[in-house]
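J.: Each chain, written out:
Protein chains: 2
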Amino acid sequence: MIKDLENELANDFDIHFNNHELLDEAFTQASYVNEHPNQGLKFYERIEFLGDAVLQLTVSEYIYQRYPKMPQGELTRLRAAMVQEDSFSKFALECHFDKYIRLGHGEEMAGARQRSSLLCDIFESFIGALYLDQGKKAVEKFITKVIFPKLDQGWFDHAVDYKTSLQEFLQRNGDVDIDYKVAKEEGPANARQYTVNVYADNQKIGSGTGTSKKHAEMEAAKAALNDLRKTSK
Amino acid sequence: MIKDLENELANDFDIHFNNHELLDEAFTQASYVNEHPNQGLKFYERIEFLGDAVLQLTVSEYIYQRYPKMPQGELTRLRAAMVQEDSFSKFALECHFDKYIRLGHGEEMAGARQRSSLLCDIFESFIGALYLDQGKKAVEKFITKVIFPKLDQGWFDHAVDYKTSLQEFLQRNGDVDIDYKVAKEEGPANARQYTVNVYADNQKIGSGTGTSKKHAEMEAAKAALNDLRKTSK
Chain A
1 MIKDLENELA NDFDIHFNNH ELLDEAFTQA SYVNEHPNQG LKFYERIEFL
51 GDAVLQLTVS EYIYQRYPKM PQGELTRLRA AMVQEDSFSK FALECHFDKY
101 IRLGHGEEMA GARQRSSLLC DIFESFIGAL YLDQGKKAVE KFITKVIFPK
151 LDQGWFDHAV DYKTSLQEFL QRNGDVDIDY KVAKEEGPAN ARQYTVNVYA
201 DNQKIGSGTG TSKKHAEMEA AKAALNDLRK TSK
Chain B
1 MIKDLENELA NDFDIHFNNH ELLDEAFTQA SYVNEHPNQG LKFYERIEFL
51 GDAVLQLTVS EYIYQRYPKM PQGELTRLRA AMVQEDSFSK FALECHFDKY
101 IRLGHGEEMA GARQRSSLLC DIFESFIGAL YLDQGKKAVE KFITKVIFPK
151 LDQGWFDHAV DYKTSLQEFL QRNGDVDIDY KVAKEEGPAN ARQYTVNVYA
201 DNQKIGSGTG TSKKHAEMEA AKAALNDLRK TSK
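Chains as they are written, first to last, in full-length UniProt numbering: chain A, 1 to 233; chain B, 1 to 233.
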């Protein structure tokens, strides 16, 4: 079973484990060890402890470098959204990790394999094993494929209040007049589309589209922030 | 002022910063920046965000490697004791970081320089700056001097229930009979000293001394655990 996982890791991520026992440990739940005593098996919890801290740092470092002007409070909210159970369990499913977990019979019957908390644990323990086997650079390479693209896909947008962030960003060095104006309104009543422009001291700095004015404003603020952060890099 | 800090870091820790601005940023509070506008100063909060995650990982990795049999729950409790505000603020004082913080006048008058939460922040931001300037190995070298020796000095003993840990450790692979016996009781009534031995299946595995039976038992369990963990490394 671990052989299949190794093939998948090799094909999808070009990852080749040196210490196969680490990978075994990372995908084995305590319930399985209890059902197979005297085999000297280990379960994932200790590696998960380490993997959790590895993810905290690699995610922190990435958003710290990527958003050089983002204040601490916003970095903290964004990190919290990225490293939460709901996110990790989705990443685990995306990598098909659920197929390879070794569970005891009782846990299997109870549906543990689909349990979000277990999937999250396994994602963390996989990261811990990868870190122990190949170091931080290998973890960065993996999560650059699995986690970071989700930032651009808007997975974590709910964590960030873009209108407030834009205001904080622009008014850092004094007062700036920020204005949102509806530029376009189109489509039938039941599928209305709004386009909103955002202005700083009457200069247009961003534009966004959404199914409500509020959503379009949020998108406009996000676009403006992305541009501003790029130019001030 | 940062020059003095740099001298102290060089003398005490053989640390030589390449990017002096990082060190400036790590020791500057927002209140100071507000009082010195238009100087392009930065305050420590973003670097602290990063330093916090760096400390989480380096401490996690150290205790993971040092205690190869310690279960996750105990690792988590121990880490929590090591990375808490109270610990970090003491480390900051030990390194004389309090002398070098740049504070606004109001914060200075309010006694912020002695505030535990600020000292903790500055310890984290220093670690963040060291990490950005010289990488993880340099951080490990620094905290090997500043944090890890405290483990042997018993700073974090309160986080670990040694009697329960010993029981969990010994009974992992089946039932073991654990027994604590007072071996010696000496000294006057107001300064009584107890020596307790701990036995596993009638074999002595540790001994401890304390001013109460309970404390001596705890010390005996700790000694036994330390021995067991060494031999099973």
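Quick caveat, the hints were computed from the structure, so don't treat them as lab data.
Don't take each hint at face value.
When chains are identical, the list treats them as one kind, so a pair holds in a single copy or across two.
Unchecked claim - List time: in silico DSS-like cross-link candidates among lysine-lysine, alpha-carbon distance up to 25 Å:
hint, residue 1, residue 2
1, 69, 90
2, 204, 136
3, 99, 230
4, 163, 3
5, 181, 222
6, 99, 69
7, 99, 145
8, 222, 42
9, 150, 214
10, 150, 230
11, 90, 136
12, 204, 141
Computed from a predicted structure; not experimentally measured.
J.: All hints are to be evaluated individually against the structure, with a verdict given for each.
T.: Hints versus structure:
Proximity of residue 69 and residue 90 under a CA criterion of 25 Å is satisfied in neither setting, with 29 Å inside one chain copy and 31 Å between copies. When the C-alpha separation of residue 204 and residue 136 is checked against a cutoff of 25 Å, the pair qualifies neither within a copy, at 42 Å, nor between copies, at 43 Å. Taking identical chains as interchangeable, the C-alpha atoms of residue 99 and residue 230 are never at most 25 Å apart, the minima being 40 Å within one chain and 37 Å between chains. When the C-alpha separation of residue 163 and residue 3 is checked against a cutoff of 25 Å, the pair qualifies neither within a copy, at 49 Å, nor between copies, at 41 Å.
Only within a single protomer do residue 181 and residue 222 lie at most 25 Å apart by alpha-carbon distance; the minimum there is 15 Å, versus 68 Å between protomers. In the homo-oligomer, the alpha carbons of residue 99 and residue 69 never lie at most 25 Å apart, since the shortest distance is 41 Å inside one protomer and 28 Å across protomers. Within a single copy, residue 99 and residue 145 get their C-alpha atoms as close as 20 Å, which meets the 25 Å cut-off; across copies the closest is 44 Å, which misses it. Taking the closest pair of Cα atoms, residue 222 and residue 42 come within 25 Å of each other only across two copies (24 Å); inside a single copy the shortest separation is 46 Å, beyond that limit.
For the homomeric pair residue 150 and residue 214, the shortest alpha-carbon distance inside one copy (23 Å) is at most 25 Å, but the shortest distance between copies (53 Å) is not. For the homomeric pair residue 150 and residue 230, the shortest alpha-carbon distance inside one copy (18 Å) is at most 25 Å, but the shortest distance between copies (44 Å) is not. In this assembly of identical chains, residue 90 and residue 136 lie within 25 Å of each other by CA distance solely inside one copy; the values are 22 Å within and 30 Å between copies. Within a single copy, residue 204 and residue 141 get their C-alpha atoms no closer than 37 Å, and across copies no closer than 50 Å, so neither meets the 25 Å cut-off.
In the structure shown, a violation is registered for the earlier hints numbered 1, 2, 3, 4, 6 and 12, in ascending order.
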